[in-house]
Amino acid sequence: MNWFYFASPATFYRLAGRLAPWFFAAAALFAAAGLYVGFVVAPTDAQQGEVYRVIFIHVPAAWMSMFLYFVMAVYGALSLSFNTRLSAMMARAVAPTGALFTFIALWTGAFWGRPTWGTYWAWDARMTSELVLLFLYFGFLALASAFEDPRRGDRAAALLALIGVVNLPIIYFSVKWWNTLHQGSSVSFRGTSMHVAMLQSMLLMSAAAWMYAIGATLTRVRAIILEREVRTHWVRALAAGGP
Amino acid sequence: MNHDYFVAMSYGAAAVAVLVELIALRVRRARALRRIEQERELETQD
Amino acid sequence: MSAVVLGPAPAATGSFSRGFAWAFSRDMLLAIRHPGETFLVLAFFVLVASLFPLGVGADPQLLSRIGCGVIWVCALLAAFLSLPGLFAGDYADGTLEQMAVSPHPMPSWVVGKILAHWMISGLPLTVLSPFLGLQFGLSADTLGTLAVALALGTPILSLLGGACAALSLGARGGGMLLALLALPLFVPVLVFGAGAAEAQAAGTSAAPHLSLLGAGLILAAMGVPFAICAAVRIALD
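Chains as they are written, first to last, in numbering that gives the first Met the number 0: chain R, 0 to 242; chain H, 0 to 45; chain C, 0 to 236.
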């Protein structure tokens, strides 16, 4: 099998178009199941009441935000090593979705923190690192679009993503250190024992987030391919003939 | 404050964010197709 | 102008030390000929640090509490201010290309430039920091720890900042883009650097912070120059 068959934007465009709807459908199914288990099956928490159910969106969003950054860095590394256009386009396609999940993690974290810790923002290690991660995503997107030549943007942003992925654990570790010194133990949900249904719901919602992220990335990369391959024959034929 | 408010704001914001992303994807695709149309028209003018 | 060639052209056989010495002495000479930029960085440092008491009030307890952090943030901003000039001038007049094709290994002159940058930005900041610390009412041993922490941390800022400067060569968005790229990477340096001084002020040992900073400096010195070389190659393509 020719491993580079789908490395051509033209062939990948069609593949992505066929696959994306399935991933969105899977995301919807997983989300429905996850929300059902989370809201109907999982019991009320002894300490936090009903508001703990925010974790079913907060934790998957946080996991995805970090996972997607890693995926972005991998595509960046591929694009630098093999000089393939499509890998760079995939890195660019992942970034906005990653930033979205980071925002959702921060927002839901704030709305979970207000009733439980008493404040919308608490400078705890994870949330602060998440905020820095948001800026890392913005930096990637800004750098990628800062050049006339999109290939130059591809390569610079890919290198930045690699620098970022190495620094991310360091940043997290440093903020964790800083946090334990400056504050006492913050209220952690992990302190209480988790009912199995809660874990099930989190896993289902994580699967939903993952499927959604793949669907959104495939859809976005199709638009990026159209933008970048404007001058090619197949794109012209596409626009003339319809999707 | 009623705890339902916080749950609603969390899931509501997530839903809105997802909606915004999906709409933005459609807009981006439409813009790309329009740009291709313009390029084609420019070429036929040559 | 930055189109200065120091002495005879580099020898045909490249070596790390020659490349390093050439780049370092060139950048130092340029900085000495144009001291304005160095003074600007220092002036900015002092000015912004002096703004904080004006903003939060002159309560000595409050100032001594926030002094370490404020001085560190100002050092971050001041170090970051001098970053655009690191590669931009050489990039604009073609010197960077000449350096890239020179027989000396690329990391050598990159390290030379970074060290020169540190000597004209980070080092003066470190030397100046005790005086600013007095403004905030910090004790003598806190000032000492602060200076040591800055001495360890500002080279890391020069290295990481240099990588961001190289990545954003020729980009639109200028200084703000550079800030967005560099400041998140600066966070660990800030955390451990300010933490060291604050630990000293609180009476506990600053040794863990300083050793982490030192380790970070060694790692950065070993790894970041290669990232900068890659970024410069991308910029020159």
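Some hints could be false.
Stated by the list, open to error - Dumping the calculated SDA-like pairs for lysine to any residue here, alpha-carbon to alpha-carbon at most 20 Å: (1) R:Lys175 with R:Ala109; (2) R:Lys175 with C:Ala99; (3) R:Lys175 with C:Thr203; (4) R:Lys175 with R:Trp122; (5) R:Lys175 with C:Leu182; (6) R:Lys175 with R:Leu130; (7) R:Lys175 with C:Leu189; (8) R:Lys175 with R:Leu105; (9) R:Lys175 with R:Trp116; (10) R:Lys175 with R:Ala121; (11) R:Lys175 with R:Arg125; (12) R:Lys175 with C:Pro207; (13) R:Lys175 with C:Ala214; (14) R:Lys175 with C:Gly68; (15) R:Lys175 with C:Gly213; (16) R:Lys175 with R:Ser144; (17) R:Lys175 with C:Ser210; (18) R:Lys175 with C:Ala206; (19) R:Lys175 with R:Val165.
The hints are simulated quantities; they were obtained by calculation from the structure and are not laboratory data.
Evaluated hints:
1. For the proposed pair Lys175 of chain R and Ala109 of chain R, the alpha carbon gap of about 18 Å is at most 20 Å, so the pair holds.
2. Distance check on the hinted pair: Lys175 of chain R and Ala99 of chain C sit about 40 Å apart at the alpha-carbon level, beyond 20 Å; violated.
3. Distance check on the hinted pair: Lys175 of chain R and Thr203 of chain C sit about 18 Å apart at the alpha-carbon level, within 20 Å; holds.
4. Restraint check for Lys175 of chain R and Trp122 of chain R: satisfied, since their Cα atoms lie roughly 10 Å apart, inside the 20 Å limit.
5. Proximity of Lys175 of chain R to Leu182 of chain C is assessed by CA-CA distance (about 18 Å); at most 20 Å being required, the pair is judged to hold.
6. For the given pair, Lys175 of chain R sits about 13 Å from Leu130 of chain R by alpha-carbon distance, which is consistent with the 20 Å threshold.
7. In summary, the hint linking Lys175 of chain R to Leu189 of chain C is supported, as the alpha carbons are separated by about 13 Å, within the 20 Å threshold.
8. This hinted pair checks out: Lys175 of chain R and Leu105 of chain R have alpha carbons roughly 17 Å apart, not beyond 20 Å.
9. A distance of roughly 18 Å separates the Cα atoms of Lys175 of chain R and Trp116 of chain R; the hinted pair therefore holds under the 20 Å criterion.
10. For the proposed pair Lys175 of chain R and Ala121 of chain R, the alpha carbon gap of about 13 Å is at most 20 Å, so the pair holds.
11. The suggested pairing of Lys175 of chain R with Arg125 of chain R holds, with an alpha-carbon distance near 7 Å, which does not exceed 20 Å.
12. For the suggested pair Lys175 of chain R and Pro207 of chain C, the alpha carbons sit about 14 Å apart, so the restraint of at most 20 Å is met.
13. At most 20 Å may separate the alpha-carbon atoms for a hinted pair to count; Lys175 of chain R and Ala214 of chain C meet this at roughly 18 Å.
14. With a C-alpha separation of about 17 Å, the suggested pair Lys175 of chain R and Gly68 of chain C falls inside the 20 Å cut-off, and the hint holds.
15. Restraint check for Lys175 of chain R and Gly213 of chain C: satisfied, since their Cα atoms lie roughly 19 Å apart, inside the 20 Å limit.
16. Distance hint between Lys175 of chain R and Ser144 of chain R is unfulfilled; the C-alpha atoms sit about 32 Å from each other, more than 20 Å.
17. Our distance criterion of 20 Å between C-alpha atoms is met by Lys175 of chain R and Ser210 of chain C, whose separation comes to about 17 Å.
18. Taking the CA atoms of Lys175 of chain R and Ala206 of chain C, the gap is about 18 Å. The hint holds against a cut of 20 Å.
19. For a cut-off of 20 Å, the pair hint linking Lys175 of chain R to Val165 of chain R stands: about 17 Å separates their Cα positions.
Taken one by one, the earlier hints fail for this structure at numbers 2 and 16, listed in ascending order.
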